[in-house]
Amino acid sequence: MLEHLNEGNPGARHEVGQITSGSLTKGLRMKLHPSESVEDIRAGKFVVVDGEKHHYFSMITDVELSTSGSGIEDNPPSRQNRLLQSVLSGTTAYGTVELRPMLMLPKEADGMDPEDNLRPVKTIPAHFSPVHNATSQDVSRIFGEEQKDPKYFNIGTPLDMEDIAVCLNLERFVERSNGIFGKSGTGKTFLTRIALCGIIKNQKAVNLVFDMHSEYGWQGDFEGGRANVRGLKQYFGDRVAVFSLDPDSSRRRKAPIDFEVKIPFSQITVEDIILLQNELNLTPTALETCYALVNGFGESKWMSELLRMDSESILTFCEANNVHQGSLSALQRKLRVLSESCKSFLVDDLQQKIDEDAVKQILSYLDGGKNVVLEFGQHTQPLRYMLVANVLTRRIHESYVRKKEESLGGEKAAPHPLVITIEEAHKFLSPALASQTIFGTIAREMRKYNVTLLVVDQRPSGIDPEILSQVGTKITCLLNDDRDIDAVLTGVSNSSGLRGVLASLDSKQQALVLGHAVPMPVVIRTRDYDNEEFRQSMGLLPKAELRKQIMEDIERDFS
Amino acid sequence: MDSEIIGEIIEASTTDFTAESKELHSPPAFGSFVKVVWHGGAESVSPVAADQGEDDPFDSFRQAAGGFGRAYRDEGKSVAPTLEPAIYAIVCQASTGPVDTGRRLRAFWKDEEEMREEHPELSEWLLVTRFQALTIGHSLNGTVQQLLPPQPAKLFSQVRNCTKEEITEITSRLDFLRTLINSRNAPAEEVIAACMLKAYEARNNDFDFLVSAGKELAGLLKDDYDRLQAIIRRVAPC
Chain A
1368 MLEHLNEGNP GARHEVGQIT SGSLTKGLRM KLHPSESVED IRAGKFVVVD GEKHHYFSMI
1428 TDVELSTSGS GIEDNPPSRQ NRLLQSVLSG TTAYGTVELR PMLMLPKEAD GMDPEDNLRP
1488 VKTIPAHFSP VHNATSQDVS RIFGEEQKDP KYFNIGTPLD MEDIAVCLNL ERFVERSNGI
1548 FGKSGTGKTF LTRIALCGII KNQKAVNLVF DMHSEYGWQG DFEGGRANVR GLKQYFGDRV
1608 AVFSLDPDSS RRRKAPIDFE VKIPFSQITV EDIILLQNEL NLTPTALETC YALVNGFGES
1668 KWMSELLRMD SESILTFCEA NNVHQGSLSA LQRKLRVLSE SCKSFLVDDL QQKIDEDAVK
1728 QILSYLDGGK NVVLEFGQHT QPLRYMLVAN VLTRRIHESY VRKKEESLGG EKAAPHPLVI
1788 TIEEAHKFLS PALASQTIFG TIAREMRKYN VTLLVVDQRP SGIDPEILSQ VGTKITCLLN
1848 DDRDIDAVLT GVSNSSGLRG VLASLDSKQQ ALVLGHAVPM PVVIRTRDYD NEEFRQSMGL
1908 LPKAELRKQI MEDIERDFS
Chain B
3 MDSEIIGEII EASTTDFTAE SKELHSPPAF GSFVKVVWHG GAESVSPVAA DQGEDDPFDS
63 FRQAAGGFGR AYRDEGKSVA PTLEPAIYAI VCQASTGPVD TGRRLRAFWK DEEEMREEHP
123 ELSEWLLVTR FQALTIGHSL NGTVQQLLPP QPAKLFSQVR NCTKEEITEI TSRLDFLRTL
183 INSRNAPAEE VIAACMLKAY EARNNDFDFL VSAGKELAGL LKDDYDRLQA IIRRVAPC
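From first to last, the protein sequence lines are chains A and B. In this text, residue positions in the first sequence follow my numbering: the first is 1368, and each later residue adds one. In this text, residue positions in the second sequence follow my numbering: the first is 3, and each later residue adds one.
Be careful, since some hints might not be right.
[What the hints assert, rightly or not] Which residues of chain A face chain B? A few of them, derived with a C-beta cut under 7 Å, are:
#, residue
1, G1438
2, I1439
3, L1451
Keep in mind the hints are simulated off the structure, nothing from the lab. Only a predicted model underlies this, so the values are computations on that prediction, with no experimental measurement involved. Where is the CB? At the ideal position from N, CA and C, for every residue including glycine.
All chains should be modelled from the sequences, with the hints used to inform the complete structure.
Have a look at this one:
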């Protein structure tokens, strides 16, 4: 009798099929075992091909229905003929599965540390090699185990496997710029929170988060009616400082803040204004006009002086500096819009003295190993967000370059690795702006200076391809638009199989992780954020124990 | 416990044999599994035969034919076999006619009662029922080999029906289906359908058996979907 291969041997791996053809460049084809249902095979599932000399860790990229006999497609069995249907399924009509081998591990290295022996795939398994569902042991061999090494951080579980974690290698994660992409509402923010928690908990880098929607600092929303979820501050206490541009909003949300951010005009440079050229509708000549102003008044005063000019002084300045009057007036009008729009945090420091420079404060926190979340409160318009993010990041960039150079000179220790999280990243990194803004520079080369970006975006096609190809690790939730999918897979070799996987992700809590921090691309069910298990793994006490401890403290203090 | 004798071999070859039915007009059912207790050459002698040596009617024949007698066969045999050595076959054809094939019969235009009274000679004396069976395998050392036997069955050997247990054991592998499909002496689709149903009955109507047998056939008939469909339709339980 054709007994199922897996019966009678419960300890063995579950065999799902056999390799029948394939190539190194196009991937492998597997014939599905007759007793397996084609509906159990899902794109993105993690399987292991048992070759003669190597294990091949592979991902399912496509599933197909095939028939070998002629005539069966024209004359399919009637639905009443249960026997004929059962006979044909798995024999003449069968499932074919496309696999993409991602990594190979020599069999002789079984039992040794897999990290040193995992290799990119350079060959393919022999004909009829059996294919198994991956076991928990396979997953931990490839992705590491959180318990064994703190550099590994659990971010979720593979598809159809609940009992084993897929881990990010945080050391590698912070080495390069990373991206978290996905359509709106697919869980980008939750994923970002999880990644940030991992970095902070394991102290692999300090974070600066430009928190456009005030979701990371104190608490965030939860789609679907549940109460709010904790933010980073609630998890890590004084290791996280919350800065706010809009203290009123923070007060309304009852979110404690550590510092109120004010930005003086003197900090704003021409580059910051260029970044806003789309938002302010600036003409190309505005750039030249700005530089003329900088020449005339100096870097720290040009903006204050421009905003203060009346029509007469404009005329005088134009004549003296050979600037077109219309263009200077236009620039002045547009910058007045900017200053009016941002008046709650943009301060003319020629008129009003500000107590403390927010940038210095942020830098001193970062130097001290503390993480900074900058809440924007009500100031969520792209104009304000971009201005603030750019001004701060440019200063931080300068400071990091200086510190790194000093450390290269042997004078000081290298600065803490810094991860800057930006949302709506396509606004900073669009092909038109990426070469000019500071974020473009960081994405391209700042890993040498220990600064990397964590780019969070729903429209990756809007990001400069040159920058996308340099992104180290990409964590991608569902994307539907073909251009977005193309953009995410820029710089990924053999990406054709991954396209289908990416388009077939669930709309919630599923993500494809690929790149520098994982040895092979993998689809995960994202870990639950802010449940009891997550809280405990972040070092918070379980609820019952916490209550007990509070009661003990109260008793001790009042007795 | 052996089943009843149903025939005796009157013609044998490696691939099939013809036997005379013990009962006139009652050959074994079409597609049924039959066996011939087999005593092949020295290399394939089974310990079962050795154990039954006292009663083995062929022992002296074998020695006379240059084979090894019981004394040799008793040596070093310790495995307890489950099946006696036999050739297995499937009934694919049966016919009743005059013993003397040179003479054609004529119609009498009488009913059965009248015939019995008026022509008692037209019974086993003048008529004979013969059946043909396709060899599908043999058992050796207690296990079924889905191979043709090294020698054909001996003439005048007794043919018996297989027991349910034997049918279950034989059909635990289905390599013999290929032998049946390729047979030229029999209506292959009909034989296969009939023998599948016999095995299905012997296995207490196990639907899974039909499915796995069908899958085996589907592999063999991958280029002939119509033929496969024809067989499966015949065996599909209503």
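Results of checking the hints against the structure:
no.	hint	result
1	G1438	holds, 4 Å
2	I1439	holds, 5 Å
3	L1451	holds, 5 Å
In summary, the structure agrees with every hint in the numbered list given earlier.
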